[in-house]
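Asker: Given next are the chains, with one letter for each unit.
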Amino acid sequence: KNEVEQSPQNLTAQEGEFITINCSYSVGISALHWLQQHPGGGIVSLFMLSSGKKKHGRLIATINIQEKHSSLHITASHPRDSAVYICASSTQGGSEKLVFGKGTKLTVNP
Amino acid sequence: GEEVAQTPKHLVRGEGQKAKLYCAPIKGHSYVFWYQQVLKNEFKFLISFQNENVFDETGMPKERFSAKCLPNSPCSLEIQATKLEDSAVYFCASSQFRGRNTEAFFGQGTRLTVV
Numbered sequence: 055k056n057e058v059e060q061s062p063q064n065l066t067a068q069e070g071e072f073i074t075i076n077c078s079y080s081v082g083i084s085a086l087h088w089l090q091q092h093p094g095g096g097i098v099s100l101f102m103l104s105s106g107k108k109k110h111g112r113l114i115a116t117i118n119i120q121e122k123h124s125s126l127h128i129t130a131s132h133p134r135d136s137a138v139y140i141c142a143s144s145t146q147g148g149s150e151k152l153v154f155g156k157g158t159k160l161t162v163n164p
Numbered sequence: 002g003e004e005v006a007q008t009p010k011h012l013v014r015g016e017g018q019k020a021k022l023y024c025a026p027i028k029g030h031s032y033v034f035w036y037q038q039v040l041k042n043e044f045k046f047l048i049s050f051q052n053e054n055v056f057d058e059t060g061m062p063k064e065r066f067s068a069k070c071l072p073n074s075p076c077s078l079e080i081q082a083t084k085l086e087d088s089a090v091y092f093c094a095s096s097q098f099r100g101r102n103t104e105a106f107f108g109q110g111t112r113l114t115v116v
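First to last, the sequence lines map onto chains A and B. In terms of the numbering used here, the first sequence opens at residue 55 and continues consecutively. In terms of the numbering used here, the second sequence opens at residue 2 and continues consecutively.
This is chain B alone, in the form it adopts within the complex:
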């Protein structure tokens, strides 16, 4: 597609429930990034993929968070046993290249509310 498509737009989960977020990158883009935005303007990098391979997972919480990018499927970010502090907007971005040509295109985000 021509834009990064994230679903769902909003997700409400009770504490302890599982949350699964999806991201379809722009067709032809090899890199996918997940970011968490809390407190309006604080962005935290979670994980990136080069095609279906994990590229950088230094931002992923060791427990409860997992992510995948499988061929011919949207990428996914899954949170097991959600906690109140997981409430945030999760953005996915994709880019075609690395280095100086790495323009990032962002999805509209998924707002996760844990109650």
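Only chain A is shown next, with the shape it has when bound in the complex:
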């Protein structure tokens, strides 16, 4: 059974700080997703990766397949980055359903 663990659960930062959110999973995956959920509830897909590193603006996602670990980094954080960040994996050879971590609630103060 695939389990996805995220840390930290809650994170408070000052504007401009560098943020790292960690995610580990227990079985082989076909892809690892990073999602953002705003207070209004909508979910936005930030990254989908199966190896290496991806960058989009101030967001960077990395994955280490051997260690079954992924990180999401936010550079020069801003109050508008405040949201819940969720990591989710789809299992190799499976039905592509996502298994979700419990999320990291990020608050960036001005």
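None of these hints come from the bench; they were simulated from the model. Please note: incorrect hints may appear among the correct ones.
Only part of the chain A face toward chain B is listed, based on derived beta-carbon distances under 10 Å [to be verified]:
#1 Ala67
#2 Gly94
#3 Met102
#4 Gly111
#5 Lys151
#6 Gly155
#7 Lys156
#8 Lys159
#9 Asn163
To spell it out: a stretch of chain B is covered by chain A in this simulated footprint if at least three of its residues, at any positions, have a beta carbon under 8 Å from a beta carbon of chain A; those stretches are [to be verified]:
#10 30 to 37
#11 44 to 57
A virtual CB, placed ideally from N, CA and C, is assigned to each residue, including glycine.
Using the hints provided, position chain B relative to the given structure of chain A.
Answerer: Just chain B now, kept in the frame of chain A:
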């Protein structure tokens, strides 16, 4: 369409009433997934479809829950005789492919409140 469209945004039902939720996937996407989010951050997979065929229904409660994806119609998730514990946000997601190209696009969710 260019986005996953879920309707309604909010739904309130008395215990025992029926609830029906709809999801129109992005045009050209073959896979549709339904997830239930309870307690803010706990997501539970319910069911997935490949076109109109059930792909994986291992998360569907055996009783009261049913789902369909028919050609030329939005997909639907129906809950018969709702219970208080069914109160949750139900998300639909669609994707074009399987495997390493499976980027999931989520709808805005339907918040179901059972009173």
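Asker: For each hint, tell me whether it holds in the structure or not.
Answerer: Hint check:
Hint on A/Ala67 is violated. Least Cβ distance to chain B is approximately 19 Å, over the 10 Å limit. Interface hint at A/Gly94: satisfied, since its Cβ lies 8 Å from the closest Cβ of chain B, which is below the 10 Å cut-off. With a cut of 10 Å, the hint placing A/Met102 at the interface with chain B holds, because the nearest CB-to-CB distance is about 5 Å. The criterion of a C-beta within 10 Å of any C-beta in chain B is not met by A/Gly111, whose closest approach is roughly 17 Å, and the hint is violated.
Satisfaction of the interface hint for A/Lys151 is found here, the shortest Cβ-Cβ separation to chain B being roughly 4 Å, below the 10 Å cut-off. Evaluation of the A/Gly155 hint against chain B yields a held restraint, the C-beta minimum of about 8 Å falling below 10 Å. Among the interface hints, the one on A/Lys156 holds; its C-beta lies about 5 Å from the nearest C-beta in chain B, closer than the 10 Å criterion. The interface hint given for A/Lys159 holds, since its Cβ lies 8 Å from the closest Cβ of chain B, which is under the 10 Å cut-off.
At about 21 Å, the closest approach between the beta carbon of A/Asn163 and any beta carbon in chain B exceeds 10 Å, and the interface hint on this residue is violated. As drawn, the region 30 to 37 of chain B meets chain A at 3 residues by the rule of a beta-carbon pair under 8 Å; at three or more, the given contact holds. Given as covered by chain A, the region 44 to 57 of chain B passes the check, having 5 residues with a CB less than 8 Å from a CB of that chain where 3 are the minimum.
The structure shown violates the earlier hints numbered 1, 4 and 9.
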